[in-house]
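Novice: Single-letter residue listing:
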Amino acid sequence: MLSTSNSAAATPKAFELKGRMLTLSVLHLLTADLELLAHQLDARLATMPELFRHLPVVLDLEALQGQALDLAALADCLRQRGLVPVGVRAGAPALAGQAAAAGLGVIELGNAPARRVEPVRERPAAMVVQQPVRSGQQIYARGDLIVLAPVSAGAEVLAEGHIHVYGPLRGRALAGVQGDTSARIFCQSLEAELVSVAGAYRISENIDETGRGRPVQIYLDGEALHIEPL
Amino acid sequence: MARIIVVTSGKGGVGKTTTSASFAAGLAKAGHRTAVIDFDVGLRNLDLIMGCERRVVYDFVNVINGEANLKQALIKDKRLDNLYILPASQTRDKEALTQDGVGRVLEELAQDFDYIVCDSPAGIERGAMLAAYFADDAIVVTNPEVSSVRDSDRIIGILSSKTRRAERGEEPVTTRLLLARYAPGRVQKGEMLSVEDVCEILAIDLLGVVPESKAVLAASNAGVPVIMDEDSDAGQAYQDAVARYLGEERPHRFLNEKKGFLGRLFGSGNS
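Quick mapping for you: the protein sequence lines, in order, are chains Z and B.
9 is the number that my numbering gives to position 9 of the first sequence; each next residue is one higher, with no gaps.
170 is the number that my numbering gives to position 170 of the second sequence; each next residue is one higher, with no gaps.
Hints were generated in silico from the structure; no laboratory data involved.
As the structure is a computational prediction, the values presented were derived from the model and not from experiment.
Fair warning: there could be bad hints in the mix.
[As the list claims (entries may be wrong)] Over 10 angstroms on every C-beta distance to chain B, these chain Z residues come out as not near it, computed from the model: (1) Lys13; (2) Ala38; (3) Arg44; (4) Leu55; (5) Ala102; (6) Glu122; (7) Val128; (8) Val133; (9) Tyr140; (10) Thr181; (11) Arg184; (12) Leu225.
[Stated by the list, open to error] Listed next, with one range per pair, are the computed distances between beta-carbon atoms: (13) Z:Pro12 to B:Asp100: 49 to 57 angstroms; (14) B:Asp100 to Z:Glu16: 25 to 33 angstroms; (15) Z:Gly103 to B:Gly103: 40 to 48 angstroms; (16) Z:Pro12 to B:Gly103: 25 to 33 angstroms; (17) Z:Gly143 to B:Ala166: 35 to 43 angstroms; (18) Z:Tyr201 to B:Gly103: 38 to 46 angstroms; (19) Z:Pro124 to B:Ser161: 16 to 24 angstroms; (20) Z:Pro12 to B:Thr98: 19 to 27 angstroms; (21) Z:Leu148 to B:Glu249: 57 to 65 angstroms; (22) B:Ala243 to Z:Gln178: 52 to 60 angstroms; (23) Z:Ala125 to B:Ser161: 20 to 28 angstroms; (24) B:Arg104 to Z:Val86: 53 to 61 angstroms; (25) B:Glu257 to Z:Arg214: 54 to 62 angstroms.
Every residue, glycine too, gets a C-beta built ideally from N, C-alpha and C.
Excised from the complex, chain B in its bound form (with noise of 0.2 angstroms):
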C-alpha cells in the first residue's frame, strides 16, 4: 500500500506546487515509484512546474468521472522512470472532486505506487478539504511571515480533526513542517520570523528550510522541479527534507546568511 502525503499550507503562493513537484520528483530519484496529482482543479499549475504541459490529454477529473481511465490519465515523467504526473482540470472547478471519487482513483493508485504526492489547493475550501482527507503524512508549506503562519496552524488543525484518519479513531496524521522562501538575511534584520519562531508557534517537527533563492523561478520557467537542480542552495534544502523524510537523519542547511565575499570565493560555490 502506497503511503499518502498531502501537501498544504492554507495560505496561497507560499510554494506547494513547488514543494509537490520537488518532493515527489525526490521520492522518485530515491527508487521509490511515486505519483503526483495537482488538486488545484481549475488553476492548474503543476504540469507546468513538472513541464509535462503539453502532453496533458486526460485528467483527475475525467477519471472521478470515468471518462479515461487512470492509464490514459497518468502522465509518465520524461527525466525520471518512477515519477507520474496526474494533472488536475482546467476547465472544471472543486465541485468535480466528489470524496468517493478521489478515494477510488487514490486507491487504484495505491495498488501500483509507494508514494502519492497530493498537491493541494489554497484555502480550506473542498479541494484542499479533498487532498487532505485521505492522508497519512502532511508537508505544511509555510512562508516566515505572520499571516502564512496563522494559516497554516489552522490547517494543521483541520488536518488532526477532519481526515479520514482523525474520523476513524486511528493513528493521526503525521504532520511536518516544510519552512520555504527562508531569508537569513531578513531575519537578522527582524524583517522575518526566524525558523524558532516558527517552529515555537506550530509546534510541530521541521522537516526542512528553504531558502529564498532565484534558482526556484528558474527551475519553475523551465519546467524542472527544482529539486533536480543538484548546484542550487533550494534543490539542495529540499535532498535534505526527501532523505530525512524518508527516515535520514541530517542537519539543517542555509539557516544563516550566505558567505560573504571571501566566503563565496574559497567556498563551495553552492550560493
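Isolated chain Z, as found in the complex (with noise of 0.2 angstroms):
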C-alpha cells in the first residue's frame, strides 16, 4: 500500500515461466532404419489419417541400443506425416548436439533409469538477529537463527537449523523446518506460544512448570518433544 507507484507496475507482464506436468506420446524407435519406418507409419496413416495429425510427440531411441541415426532426417520423416516431435528422450551425451540440430530438445523422462543424485544441502551461515522479534513479525533462516533479543509473543521465528534466544522466548519458534530431527531450541526463558521442532510441536498450554521461565533446550527424541531446564 505504501509502495510508490513504478513504471515496472504500469507495465502490463509479458509471459511467465512455469513447470507443468503433461502427457505426451512418446514413440518408441525400434529400427534405424528410417525407409521402414516410413513404410510403416505410412501404412498405419492410410488407415487412420487423423491418428497423427499435429500429434506431439517424444522420441525415445533406446531400443537402438546406440546404432548410429540420422536425427534431423527421422525428424523430418516425422514431420511430413503431420507428426510434431518436439524433443528426444535422454540418453547418449552425444545425442543432445544432434537433438538441437534437429531442433529438438533434450527431455529427461520421469522413469528414466537416471542416476539419483541427492542433493548435498550446505547449510548457510547462521543468521543472527540483534533487534527485538515484534508480535507480528516472522524470521525465517536457512540455517541456524541466533536472537541476541526478546522475541514477544505473537512474533514468529523459524530456522531449517537450531534456534538460539538469548533473551525471553514468548512468541512460536519453529526449528528444523525442513525436517531436520537434530534441531534443538535453546533459549533463555521458556515462556513461548508454541515450540516445534522437525514438525513435533507443543503449545505453551501443554509446557509444564518445570519448564516455564526458565532457561530450556528443546530437542527431539525419537518422536516425543523433550523440554529439559539448562
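Assembling the complex is the task here: the two chains are given apart, and the hints tell you how they should meet.
Specialist: Here you go:
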C-alpha cells in the first residue's frame, strides 16, 4: 500500500514461466531403418488419417542401443506425416548436439534410469538478529538462527537448523522446519506460545511448569519433544 | 525543518488523542511552533479535545485534494499562540489519505513549524500507516494491560520496518513509551501490569507514566488539553513527558499509590 507506484507496475507482464506436468505421446523407435519406419507410418496413416495430425511426440531411442541414426532425417520424416516431434528422451551425451541441430529438445523422463543424486544441502551461515522480534514479525533462517533480544508474544521465528534466543522466548519458535530432527531450540526464558522441532510441536498450555520461565533446551528424541532445563 | 512526531498505539481508546493534544500543547507552551494533525479521518476527535470543534471549516482531506490551502485549514489555538490544529474530515474515510498527499502537506508544514504531531488512528491500516510513515519520533501510548501491550509491540515492529526512515535505511524512528491510565493501587493488587513489566516486554525507553485521573475526562469534556490543568496529576505527568522529550532529565512520578488520609492532609495536595 505504501510503496510508490513505479513504471514497472504500469507495464503489463509479457510472460510467465511455469513448470507443468503434462502427458505426451512417446514414439519408441525400434529400428534405425528410416525407410522401414516411413513405410509402416504410411500404412498406419492410410487406415487412420487423423491419428497423427499435429500430435506432439517425444522420441525414445533406447531400443536402438546406440545404433547410428540421422536424427534430422527422422524428424523430417515424422513432420512430413503430420507429427510434431518436440524432443528426444535423454540418453547418450552425443545425442544432445544432434537433437539441437534437428530442432529437438532433450527431455528427461520421470522413469528414466537416471542416476538420482541426493542434493547436498549446504547449510548457510547462521543468521544473527540483534533487534527484538516484535509481535506480528516473522523471521526465517535457512540455517541456524541466533536472536540476541526478546521474541515477543505473537512473533514467529523459524529456522531450518537450531534456534538460540538469548532473551525471553514469548512467541513461537520452530526449529528444523525442513525436517531436520536433530535441530534444537535453546532459550534463556521459556515463555513461548508454541515450540516445534521438525514438525513435532507443543503449545503453551502443554508446557509444564518445570520449564516455564527458565533457561531450557528443546529437542526431539524419537517422536517425543523434550523440554529440558539447562 | 520540523520534527515529525507520531502518537500511536495499535489499540484504540488508550489515550492517543489525549496524548497528542497535551503533547502538542506542551511543546507550544515551551515556545516551539507546533502543529497537530488528526489522522483519524471519519472519526474526528482531536478538535473536541482541543476545544476547536466549532471553528472547523476546511480539513486535512480538503488540503490533500487541493480544495483548500493549509492556511485556510489550520485552526489557531485560542490559548497558545504557537499551536495550530489540522482537523480530520468527518465525512470521508481513510482511503482519502494518499501517501503523496500526506507527504506534501507535511513538507509544507515543516517549512513553518518546529514540531508536527500526528495523531494516529487505532489499528494498523492505511490511516495508521500513513500517520507513522513520515515520522522522525514516535510516542507509543500503552495501557498497563496485556492486549494493549501486545498491540504496541506490533506497532513498534511496524515503526522499525514500514516507515520512510526504515525504507531509506536512515537512522531509525526514535520510539518511546508513554504508559497511560496507570493505577498504582491496582498494580499493587496484581490487577494491572507494572511499569517494569511493560518496559521489560516492549524493551523501549520510557518517556512518561500518566496516572489514571479524573482530570483527563474533565479536561476532554471541557475541550482543554489536560496538560493545561497544571494542578492535576495527569497534567503534571504530561508536562514531565514533554520536558523529557525536549531533553530534560526528570524523575518519574505517580508510580506509587496516592498518599493516605494524613498524607493528603499535609501533602502538596496534588491528588
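Novice: Does each hint hold? Answer for all of them.
Specialist: Here is what the structure says about each hint:
Listed as outside the interface, lysine 13 of chain Z is consistent with that label: its C-beta sits roughly 24 angstroms from the nearest C-beta of chain B, beyond the 10 angstroms cut-off. At roughly 66 angstroms from the closest C-beta of chain B, the C-beta of alanine 38 of chain Z stays outside 10 angstroms, upholding its exclusion from the interface. The Cβ of arginine 44 of chain Z sits about 66 angstroms from the closest Cβ of chain B, beyond the 10 angstroms cut-off, so the non-interface label holds. Once the 10 angstroms rule is applied to beta carbons, leucine 55 of chain Z is consistent with being away from chain B; the minimum gap is 54 angstroms.
With a cut of 10 angstroms on Cβ distances, alanine 102 of chain Z stays outside the contact zone with chain B, its closest approach being about 53 angstroms. For glutamate 122 of chain Z, the requirement that its beta carbon stay farther than 10 angstroms from each beta carbon of chain B is met, with the minimum near 29 angstroms. Remark: the non-interface label on valine 128 of chain Z is consistent with the geometry, its nearest Cβ contact in chain B lying 17 angstroms away (cut-off 10 angstroms). For valine 133 of chain Z, the non-interface assignment is contradicted: its Cβ lies about 8 angstroms from the closest Cβ of chain B, within the 10 angstroms cut-off.
Every CB of chain B is more than 10 angstroms from the CB of tyrosine 140 of chain Z (nearest about 15 angstroms), matching its label as outside the interface. The beta carbon of threonine 181 of chain Z sits about 31 angstroms from the closest Cβ of chain B, which is more than 10 angstroms, so the claim that it is off the interface holds. Every CB of chain B lies more than 10 angstroms from the CB of arginine 184 of chain Z, the least distance being 25 angstroms, so the non-interface label holds. Even its closest Cβ contact with chain B, about 26 angstroms, leaves leucine 225 of chain Z beyond 10 angstroms, as expected for a residue assigned away from the interface.
Checking the proposed 49 to 57 angstroms range against proline 12 of chain Z and aspartate 100 of chain B shows it is violated: the Cβ atoms sit about 23 angstroms from each other. Checked against the hint of 25 to 33 angstroms, the C-beta distance between aspartate 100 of chain B and glutamate 16 of chain Z comes to roughly 31 angstroms, which is consistent with it. Between glycine 103 of chain Z and glycine 103 of chain B the beta carbon distance is about 56 angstroms. The supplied range of 40 to 48 angstroms is therefore violated. Take proline 12 of chain Z and glycine 103 of chain B: their Cβ atoms lie about 28 angstroms apart, and the range 25 to 33 angstroms holds.
About 25 angstroms separates the C-beta atoms of glycine 143 of chain Z and alanine 166 of chain B, a value inconsistent with the hinted range of 35 to 43 angstroms. For tyrosine 201 of chain Z paired with glycine 103 of chain B, a C-beta distance near 44 angstroms keeps the hint of 38 to 46 angstroms intact. For the pair proline 124 of chain Z and serine 161 of chain B, the supplied restraint of 16 to 24 angstroms holds, since their beta-carbon distance comes to about 22 angstroms. Taking 19 to 27 angstroms as the suggested C-beta distance range, the pair proline 12 of chain Z and threonine 98 of chain B conforms, at roughly 24 angstroms.
Evaluation of the 57 to 65 angstroms hint for leucine 148 of chain Z and glutamate 249 of chain B yields a failure: the beta carbon distance comes to about 29 angstroms. Separation of alanine 243 of chain B from glutamine 178 of chain Z is about 53 angstroms and conforms to the stated range, judged on CB atoms against 52 to 60 angstroms. The hinted window of 20 to 28 angstroms between alanine 125 of chain Z and serine 161 of chain B holds, with their beta carbons roughly 23 angstroms apart. Separation of arginine 104 of chain B from valine 86 of chain Z is about 57 angstroms and conforms to the stated range, judged on CB atoms against 53 to 61 angstroms.
At about 32 angstroms, the beta-carbon gap between glutamate 257 of chain B and arginine 214 of chain Z misses the expected band of 54 to 62 angstroms.
Violation of the numbered hints given earlier is confined to hints 8, 13, 15, 17, 21, 25; the remaining hints are satisfied by the structure.
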